[in-house]
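J.: Each chain is listed here by its residues.
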Amino acid sequence: MPKTFTLNEIVRHLGGELLGDPKVRIRQVAPLQTAIAGEISFLAQQRYIEQLQSTHASAVILGKGAQDATTLPRIVCDNPYAYYAGVVGLLNPPFKPDPGIHRSAVVADGAHIAQSSSVGPSAVIEAGASIGENCVIGAGSYVGRDTVIGSGTELHANVTIYHGCRIGDRCTVHSGAVIGADGFGNAKDGDVWRKIPQIGGVVIGDDVEIGANTTIDRGALDDTTIGNGVKLDNQIQIAHNVTVGDNTAIAACAGIAGSAKIGKNCTLGGASMIYGHISIADNINVSAGTLIMKSLDEPGGYTGVYPFASHQRWLKTASHLRQLDDLFKRVRVLESNKDKNGNQTS
Amino acid sequence: MPKTFTLNEIVRHLGGELLGDPKVRIRQVAPLQTAIAGEISFLAQQRYIEQLQSTHASAVILGKGAQDATTLPRIVCDNPYAYYAGVVGLLNPPFKPDPGIHRSAVVADGAHIAQSSSVGPSAVIEAGASIGENCVIGAGSYVGRDTVIGSGTELHANVTIYHGCRIGDRCTVHSGAVIGADGFGNAKDGDVWRKIPQIGGVVIGDDVEIGANTTIDRGALDDTTIGNGVKLDNQIQIAHNVTVGDNTAIAACAGIAGSAKIGKNCTLGGASMIYGHISIADNINVSAGTLIMKSLDEPGGYTGVYPFASHQRWLKTASHLRQLDDLFKRVRVLESNKDKNGNQTS
Amino acid sequence: MPKTFTLNEIVRHLGGELLGDPKVRIRQVAPLQTAIAGEISFLAQQRYIEQLQSTHASAVILGKGAQDATTLPRIVCDNPYAYYAGVVGLLNPPFKPDPGIHRSAVVADGAHIAQSSSVGPSAVIEAGASIGENCVIGAGSYVGRDTVIGSGTELHANVTIYHGCRIGDRCTVHSGAVIGADGFGNAKDGDVWRKIPQIGGVVIGDDVEIGANTTIDRGALDDTTIGNGVKLDNQIQIAHNVTVGDNTAIAACAGIAGSAKIGKNCTLGGASMIYGHISIADNINVSAGTLIMKSLDEPGGYTGVYPFASHQRWLKTASHLRQLDDLFKRVRVLESNKDKNGNQTS
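Protein chains in written order, with my numbering: chain A, 7 to 352; chain B, 7 to 352; chain C, 7 to 352.
Keep in mind the hints are simulated off the structure, nothing from the lab.
Honestly, I wouldn't trust all of these hints.
Since copy identity is lost for identical chains, a pair holds within one copy or between any two.
[Unchecked claim] Once the Cα atoms are required to be at most 25 Å apart in a straight line, the calculated SDA-like pairs of lysine to any residue come out as: (1) K267 to T249; (2) K29 to D74; (3) K102 to V154; (4) K270 to D252.
Let the sequences and hints guide you as you build the complete structure.
T.: In structure tokens, the structure reads:
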């Protein structure tokens, strides 16, 4: 049975100002367009305001400017989107397995696991590893030698963390993520590559979320470090010795090459790529699909994407792009002829 | 021992018109250039037609237009490439483990597994999950609480499916795929991100193939949905609340951002990227490496790729591209000077 | 306790010329800027030469040209970067688990595992598989039927190798890598896709490193092949029937489409993409983020990346790029008007 809350109870938990019947009982959260009786909805962007007229929600969450836009029972708050996140969490508390180590898990001698934590079926914890209080180690997950995991952290099923890494408190790591694999370090020696052993680790702060199949490599000599509150989507690649600053959020399929430094409060769009050995300042937003090749000092948005077109039109534009050098030369000729003829150029 | 078939038996199973000796025995399928005696080959594209003269295959599969292009024993059919697929399947029936639950698998109380299905070593099936008839759950795979898997579906080794998802009949999911991880939903609250619990699921139709290390996130409030007959290659990222229409095929490394709607019978090329909250109509083909930022209503092909060149030449073109605004201004000046001098512009 | 070596011992193991006190004892390797007493550092690039003056390292590794740039105890050699790799390896020998099969591993009857090899917890080795001498099969890893692994090869935790593949000697495969999943082969049959069973395998040479979550698909009819000494970073996708030549190195997030042939001694940058059915000659360097659509015969560097800019500036340039066809026409008009007016074009 999912829990239900009255509007009054919701406001008692999460704050905000309640307008309308405090006894309305809420069962779930839903978008304005699909909400039904017993559900609460929210208005986070002005452009959806007309949906308030037609919604079947029993109540809505609104910003202060929109509090008169409906007569429905409503919660008025500063940040309706964050409030909505809170209500979803209140109504849908996360599933938590009972503490304890599953009989099929393999915990090496000398590993420490807090009594309040759970280790799922077929999970493996190597010697010297330490799992803090209230952690969940998912089925099939692997925690390498001497790796330390803080309290309240969850590894979903089939996560891999190599030896000698540190994960903070209240982190969530999704399935298939790999933390601490060797950085890609090879020295050319004649025709062959000599592997450079990667002896650094990975240090991850508190309140970090790491998406499915994301990879974070261990450092060559020093550590790879991920700050507090960083949010990483799926299939992100973070190379050795990268630093990611606090509260930076990175969308899926992005890649950060070795030793790059990403500042705080940045956003990197999906499939964006950052060169190695460069620095991205705080408060920088890189658009999806953009490759950043040079350090960025100025906050703001940066983009580098070839604008798509119909294939036929692209063929023509791409061909012109290849002739751009020629075009510059032709314009120069036109300009110099003009000069010779006594015409003025502005 | 692999099975062998005479041409007559093949035609009896798969149809088509047989020309030449029906008793020729076929052991395997091979390309025209490398086929040897006992093997059948196929001509699916006109440009390989001269290879018919030199092939050592014992028989060939041809379209109707090419039926006189060789005197070899041959099967004439409407779609030689699809026919070839059928013959490969006939000669190479998939390996199927015996039904039953491996002693090292962990099946929670209250999970339902059909007797005809098999659960491999170290696999984990959580409470409330249901596995239909004739399924194969690979070694180390994980099926979360209350997830329902149809009949005839195979999860290869080390697949992860979170709780509350639905997978249809006759699907194939390759190793490392993760279905149902949390969508990337965070609400900014001052400097920090508040996680938006993802309470939707993932619903996958029938006859879907999902490649290795592909990730499909669960919905925020509603479900992420993948239609019937969809084919997904490796390392694809499908974000929360995406819809993919029936029979759409997506090549490796593509990404689809949150709430995008992809139509039916589309193809998305490798490493193509689709913005969130846009709609792609049916029958659209997106080229490899292309980022689509706006909804597409018209069927057809779309491309947006920077044409590569030698690095030296690229340096020059890229530099010109940055000066394009200036070039437009210079041409405008030339045009206006011309106007002032009484010249006509077309 | 980590091992320590005197400079004299290091030179005895790895060669090079020692200048200064041979008894200086070295505990670890560190960058010039952060090294402390007891550590050795290295100068691999001329641009860091001034750091020699301020380093606190107890010794340094230098090339012949720089041997007089410091009075610190130093090892002079031809290739300081490769030498550094050797010293790191000497001081940090890899951890090797004891030989033997963990009680929780599942080894099928008819699998062969050399006595000197180890099979970790919850690993699964299927029938007919063969594991050579001194291998390490990590926890939760899966080796399919009839797959053959050479000697001295390590699979880290949670690696998946399908049936019928061959991995050479001294390879390293990182967690989450999937080798031998089905290639993406589908034949259109009306509206639906017919799967083309993938009956080739994957053949991987000696001394190959395969990064975390990298995928290498099995061939359709023939094998996918990776040469000796190839180095693959994380999250690379290699499609069916690709060939990668010896000593080629590929950075993270790159993708190679079906049947492409990559030569020897190439480098492919991060997130570069190679079309299917094309050939890349030996000694070619593809830049990060570049999509190669045509075969390349000439050695050298190739690039195709849209140069990023501030978002505002990009909006303008991208808009101009779309108008490029028009600009070419306008320049042509200017040129022809000029001709008509008797002006000379160079």
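J.: Work down the list of hints and note, for each, if the structure agrees.
T.: Comparing the hints with the structure gives:
When the C-alpha separation of K267 and T249 is checked against a cutoff of 25 Å, the pair qualifies only within one copy, where the shortest distance is 5 Å, while the shortest distance between copies is 35 Å. Only within a single protomer do K29 and D74 lie at most 25 Å apart by alpha-carbon distance; the minimum there is 20 Å, versus 82 Å between protomers. Taking identical chains as interchangeable, the C-alpha atoms of K102 and V154 lie at most 25 Å apart whether they share a chain (21 Å) or sit on different chains (21 Å). Taking the closest pair of Cα atoms, K270 and D252 come within 25 Å of each other only inside a single copy of the chain (5 Å); across copies the shortest separation is 41 Å, beyond that limit.
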